[in-house]
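Undergrad: For the sequence shown, position 287 matches number 287 in our numbering, and the numbering has no gaps at all.
It is possible that some hints are incorrect.
With beta-carbon atoms standing in for the labels, derived distance ranges [claimed, not checked]:
{"no.": "1", "residue 1": "LEU109", "residue 2": "LEU2", "range": "40 to 50 Å"}
{"no.": "2", "residue 1": "SER368", "residue 2": "PHE293", "range": "28 to 38 Å"}
{"no.": "3", "residue 1": "CYS333", "residue 2": "LEU188", "range": "36 to 46 Å"}
{"no.": "4", "residue 1": "LEU149", "residue 2": "ILE3", "range": "50 to 60 Å"}
{"no.": "5", "residue 1": "LEU149", "residue 2": "GLY190", "range": "38 to 48 Å"}
{"no.": "6", "residue 1": "LEU357", "residue 2": "GLY190", "range": "56 to 66 Å"}
In case anyone wonders, no lab produced these hints; they're calculated from the structure. Owing to the predicted nature of the structure, the values given are computational and were not obtained by experimental measurement. Where is the CB? At the ideal position from N, CA and C, for every residue including glycine.
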Amino acid sequence: MLIIYIAGFIVCMGLALCLTPLVKKFALAIGATDVPNARKVHTRIMPRLGGLGIFLAFVLGLLVISPFVPYDFSARDVNFIKALLSGGGLIVLLGSLDDKFELSAKIKLLGQIAAACIVVFGFNITVDFVNIPFNNTYSSLESWIAVPLTIFWIVGVTNAVNLIDGLDGLAAGVSGIAIATIATMAFLMGNVMVAMLCLLLLGCIVGFLFFNFHPAKIFMGDAGSLFLGFCLALLALLGFKQIAVVSFITPLLIIGVPLSDTFFAIVRRKLQKKPIFAPDKGHLHHCLRELGFSHRQTVLIIYGIAAFFGILAVIQSSSALYEANWVTFVVICVMLFVLQIGAEVIGLVGQTKKPLLSFLSRVFMKVSAEKGSKS
1 MLIIYIAGFI
11 VCMGLALCLT
21 PLVKKFALAI
31 GATDVPNARK
41 VHTRIMPRLG
51 GLGIFLAFVL
61 GLLVISPFVP
71 YDFSARDVNF
81 IKALLSGGGL
91 IVLLGSLDDK
101 FELSAKIKLL
111 GQIAAACIVV
121 FGFNITVDFV
131 NIPFNNTYSS
141 LESWIAVPLT
151 IFWIVGVTNA
161 VNLIDGLDGL
171 AAGVSGIAIA
181 TIATMAFLMG
191 NVMVAMLCLL
201 LLGCIVGFLF
211 FNFHPAKIFM
221 GDAGSLFLGF
231 CLALLALLGF
241 KQIAVVSFIT
251 PLLIIGVPLS
261 DTFFAIVRRK
271 LQKKPIFAPD
281 KGHLHHCLRE
291 LGFSHRQTVL
301 IIYGIAAFFG
311 ILAVIQSSSA
321 LYEANWVTFV
331 VICVMLFVLQ
341 IGAEVIGLVG
351 QTKKPLLSFL
361 SRVFMKVSAE
371 KGSKS
């Protein structure tokens, strides 16, 4: 299987390297391009549709490698692969149309919900139980909870990756790190099918990054960011059902960077009384650029943050000790505290919205004043 894994990764990377230039020519021919504006970083017209190359490389790679896998996929595995390809195909079509015609946010949201419904109702894949934190028991979920929760999860993660697609190589690299995290967890738990899908997808992403890392020659567009988000949602969703020691925290850690950036974007837009889907230049990568970091430095910093989340997710999922859950819980609390401080320092919520820093400043001033009065 190790040889198959490596071969699959190389095949998909090679396919992405070959297909991406062809997709670039196709995008330019049909006018699927990204024109610079006030909120975008690039300064010249760029071809989009790069995600189409990732999707085609993934499908072709899966077709090439599958006959050589010395492992009989179960009916459930085959069902999951069909769900991934069916829903993913619709997502890529939706994203490709948006790359060409710039669809409205409502139409894109409806398309994402339709793709999620294909997974849930067409292939009966839902979160039907969750692990109780600090305990080794599971809690079953009724269908009236499981169905909307699964749809919400898929749509939410799909959009989270789409929202961070603002710099060359950013969304692809962060998604690749998250996919590598899931692959590591699958290896540890002996989940052959998930590990194979992750490595095939990772090969496609690495191949695409040759053309997408700064300075980019092509953007992945919504076809790519939505497809990678959809794949992340489904592969992490499978972790709920396959990894025995996982808690509900682990899948959230896997997508920690896009999830936290999305959360702060929603808070920021609500405070500014703007629509949730309204574009702005307040995302993590924008704030880091404003602090003086170069394009590449900003991307690499966010890669590092994503890798930190990934390492924490692997630790959380692979820990079999009862007490380790409490250690992870403390780490997560500290991490959330640091995230909030970091968000306020760089202005993710807004330059004037810094409640925790203001509170800490008042506490520090009060303590200093009390010490001064005593002396």
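Undergrad: Which constraints among the numbered hints does this structure fail? Numbers only, ascending.
TA: Hint check: 3, 4, 5, 6 fail, others pass.
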